[in-house]
Amino acid sequence: MDESISKKRTVVTQESRVAFPPHIKLHRDAVRQQWLILAPERVFHPDEISVAVLKQCDGTRTVAEIAEKLTHEYQATIDVIQPDILDMLQDLADKGLVDA
Amino acid sequence: MDEQTPKHVSESGMPVGARETDDAPVENQANEEEACARAPIGMLCELTHRCPLQCPYCSNPLDLERANTEMTTEQWQDLMRQAADLGVLQIHLSGGEPAARKDLEDIVKVAAEVGLYTNLITAAVTLTRERVEKLRDLGLDHVQISIQDVEPGNADKISGYKNGLEKKIEVAKWVKELGMPLTINAPIHRHNIKSVPKMIDFAVELGAGRIEIAHVQYYAWALLNRAALMPTREGFNEAAKYVEAARERLKGILVIDAVVPDYYAKYPKPCMGGWGRGIVNITPQGRVLPCHAAESIKGMEFDNIKDKKLAEIWLNGDAFNKYRGTSWMKEPCRSCDRKEVDYGGCRCQAFALTGDATNTDPACSLSSLHEEWANVAEKESHAPSTDFVYRRVGGAKKADTNPA
Numbered sequence: 076m077d078e079s080i081s082k083k084r085t086v087v088t089q090e091s092r093v094a095f096p097p098h099i100k101l102h103r104d105a106v107r108q109q110w111l112i113l114a115p116e117r118v119f120h121p122d123e124i125s126v127a128v129l130k131q132c133d134g135t136r137t138v139a140e141i142a143e144k145l146t147h148e149y150q151a152t153i154d155v156i157q158p159d160i161l162d163m164l165q166d167l168a169d170k171g172l173v174d175a
Numbered sequence: 011m012d013e014q015t016p017k018h019v020s021e022s023g024m025p026v027g028a029r030e031t032d033d034a035p036v037e038n039q040a041n042e043e044e045a046c047a048r049a050p051i052g053m054l055c056e057l058t059h060r061c062p063l064q065c066p067y068c069s070n071p072l073d074l075e076r077a078n079t080e081m082t083t084e085q086w087q088d089l090m091r092q093a094a095d096l097g098v099l100q101i102h103l104s105g106g107e108p109a110a111r112k113d114l115e116d117i118v119k120v121a122a123e124v125g126l127y128t129n130l131i132t133a134a135v136t137l138t139r140e141r142v143e144k145l146r147d148l149g150l151d152h153v154q155i156s157i158q159d160v161e162p163g164n165a166d167k168i169s170g171y172k173n174g175l176e177k178k179i180e181v182a183k184w185v186k187e188l189g190m191p192l193t194i195n196a197p198i199h200r201h202n203i204k205s206v207p208k209m210i211d212f213a214v215e216l217g218a219g220r221i222e223i224a225h226v227q228y229y230a231w232a233l234l235n236r237a238a239l240m241p242t243r244e245g246f247n248e249a250a251k252y253v254e255a256a257r258e259r260l261k262g263i264l265v266i267d268a269v270v271p272d273y274y275a276k277y278p279k280p281c282m283g284g285w286g287r288g289i290v291n292i293t294p295q296g297r298v299l300p301c302h303a304a305e306s307i308k309g310m311e312f313d314n315i316k317d318k319k320l321a322e323i324w325l326n327g328d329a330f331n332k333y334r335g336t337s338w339m340k341e342p343c344r345s346c347d348r349k350e351v352d353y354g355g356c357r358c359q360a361f362a363l364t365g366d367a368t369n370t371d372p373a374c375s376l377s378s379l380h381e382e383w384a385n386v387a388e389k390e391s392h393a394p395s396t397d398f399v400y401r402r403v404g405g406a407k408k409a410d411t412n413p414a
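Protein sequences, first through last, are from chains S and Y.
Position 51, counted from 1, in the first sequence is what the working numbering calls 126; the numbers after and before it change by one each time, with no gaps.
Position 158, counted from 1, in the second sequence is what the working numbering calls 168; the numbers after and before it change by one each time, with no gaps.
Calculated from the structure, these hints are not laboratory results.
Treat the hints with care, since some could be wrong.
Said to hold, decoys possible - Pairs of lysine to aspartate or glutamate, EDC-like flavour, derived with a Cα cap of 20 Å:
hint	chain 1	residue 1	chain 2	residue 2
1	Y	261	S	166
2	Y	17	S	169
3	Y	186	Y	211
4	S	82	Y	147
5	Y	17	S	166
6	S	100	Y	123
7	Y	186	S	162
8	S	83	Y	187
9	S	83	Y	123
10	Y	261	S	133
11	S	170	Y	123
12	S	170	Y	254
13	S	170	Y	211
14	Y	208	Y	176
15	Y	276	S	166
16	Y	17	S	123
17	Y	17	S	159
18	S	100	Y	147
Said to hold, decoys possible - Partial chain S-side listing against chain Y, Cβ under 7 Å, derived:
hint	residue
19	84
20	98
21	101
22	125
23	161
24	169
25	171
26	174
Said to hold, decoys possible - Output of the computed footprint for chain S on chain Y, the stretches with three or more beta carbons under 8 Å from beta carbons of chain S:
hint	region
27	89–103
28	184–197
29	257–265
30	338–348
For each residue, glycine too, the CB sits at the ideal point set by N, CA and C.
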């Protein structure tokens with residue numbers, strides 16, 4: 076039955092241009108003073124680093140570009156930051172929270 | 011669950027609406043407390059109890075509310091504004107069949123305007139393409155369509171409705187064509203448990219992003235029909251094994267949420283994520299409940315949104331405070347180290363099976379009644395199925411309302 080599956084798992088690479096699909100919302104909750112990701116019947120809590128990454132995920136920047144940008148903000152090297160971002164975005168893609 | 015360090019994005023263990031989490035543990039308790047401290051995160055709105063289907067496991071109460079007692083459009087719209095102000099994040103427009111209300115669009119419009127994440131939980135058989143498109147344009151975020159089985163004849167028999175599956179497939183295709191996310195909800199019981207693999211294929215073929223393999227929970231109509239619905243333990247284990255493998259195989263393609271039949275569980279589910287903690291339920295008449303089955307607990311009184319504000323009811327209502335937190339607990343819950351994990355299970359089930367809502371839910375292996383109830387399930391599931399008592403106004407009166 077695997078042949079019948081037209082949709083493929085999204086693999087996030089450093090060339091991927093990641094974005095939220097229209098129904099996934101990075102939401103600033105004014106009542107709770109925190110960032111949340113709203114998804115169908117689910118709520119996720121992104122930490123500060125992931126919010127910084129996700130705000131850059133507009134479908135135009137590549138993962139490599141985002142990682143490069145964040146090396147300056149977080150004063151960390153690209154070989155530390157990029158694998159971390161890739162892991163995080165792959166996990167979110169597997170949960171259907173981001174497209175690439 | 012795949013563990014990654016550091017974990018930058020954690021899922022809330024709180025069920026946001028109708029979903030009961032099975033294996034999503036609270037990943038960060040501090041986040042949860044912050045999120046739940048002063049406002050529900052999910053609001054389940056039973057817009058009406060009218061429904062063209064008659065599924066014998068319906069989660070609506072046995073005493074269905076009549077159409078002429080339902081809240082008005084303006085009352086629902088005002089509730090949406092109150093909910094957003096309070097801090098509700100997601101609303102679930104459910105029923106009965108929410109599309110039975112001609113003003114569904116007017117309610118969705120306001121909900122979207124005030125920033126609520128809107129989810130339509132529908133049987134789909136009466137929807138038109140025009141309505142789905144209008145709802146999308148107004149800001150509906152997500153559609154969940156229930157199925158009874160993937161075998162048309164059996165689906166008709168379960169729902170008491172002719173050719174329902176064909177219509178559901180048509181609506182599901184519109185939802186995808188219109189670019190909206192789709193969840194398939196499949197309540198599981200002994201008459202369709204063998205279809206679980208095909209249901210998963212069905213969801214993939216329709217382009218759904220999620221499927222809920224939701225074993226029926228035995229309250230209300232389902233409790234009345236338990237002897238017709240309870241699957242065998244062997245059947246459940248086989249289905250669970252299949253689901254586990256499918257989850258891995260379909261990673262990134264289909265999210266599979268599973269709800270276990272709790273008579274076969276070791277520990278109870280954290281029903282509603284804890285009473286009065288993250289979820290609020292509104293009945294068609296406007297009664298505000300900590301859970302959709304709460305009215306089955308005799309002797310409790312519930313506030314109505316027509317008399318008081320949502321914030322007042324949520325924070326100070328007697329019904330919400332009665333079983334909120336852990337101070338109401340008796341042993342073995344009181345000294346249990348899981349008391350803030352599962353909150354002693356389900357109050358409604360504790361009441362239905364033991365007559366006292368402060369008892370441990372018999373779904374818990376620490377309950378003195380656990381073995382007895384697991385045996386009842388075992389026995390009923392191996393006996394020939396009884397006939398369905400279909401969900402319809404007055405339907406329950408004809409049947410014995412005490413299956414115990």
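20 Å Cα cutoff - pair residue 17 of chain Y, residue 123 of chain S = holds, 11 Å
Residue 170 of chain S paired with residue 211 of chain Y [C-alpha distance capped at 20 Å] | Cα-Cα ~18 Å, so holds.
Examine the region 338–348 of chain Y for residues whose CB is less than 8 Å from any CB of chain S, and state whether their number is three or more.
-> violated (count 0)
With a cut-off of 20 Å on the C-alpha distance, tell me whether residue 276 of chain Y and residue 166 of chain S pass.
-> violated, 30 Å
Starting from residue 17 of chain Y, check that the Cα of residue 169 of chain S is at most 20 Å away, please.
-> holds, 15 Å
Would the hint on residue 161 of chain S stand, with a C-beta cut-off of 7 Å toward chain Y?
-> violated, 11 Å
Coverage assertion for the region 89–103 of chain Y with respect to chain S, Cβ distance below 8 Å, three residues required = holds (count 5)
Given pair status - residue 166 of chain S, residue 261 of chain Y, alpha carbons within 20 Å = With Cα atoms ~10 Å apart, residue 261 of chain Y and residue 166 of chain S stay inside 20 Å; holds.
Hint consistency between residue 83 of chain S and residue 123 of chain Y [alpha-carbon to alpha-carbon, up to 20 Å] | Violated. Residue 83 of chain S to residue 123 of chain Y sits at ~34 Å, over the 20 Å cutoff.
Do the alpha carbons of residue 100 of chain S and residue 123 of chain Y lie within 20 Å of each other, as the hint requires?
-> holds, 15 Å
Is residue 186 of chain Y within 20 Å of residue 162 of chain S, Cα to Cα?
-> It is violated: about 29 Å lies between the C-alpha atoms, which goes past 20 Å.
Is the straight-line distance between the alpha-carbon of residue 17 of chain Y and that of residue 166 of chain S 20 Å or less?
-> Roughly 10 Å separates the two Cα atoms, so the pair holds.
In the structure shown, a violation is registered for the earlier hints numbered 4, 7, 9, 10, 11, 15, 21, 23, 26, 30, in ascending order.
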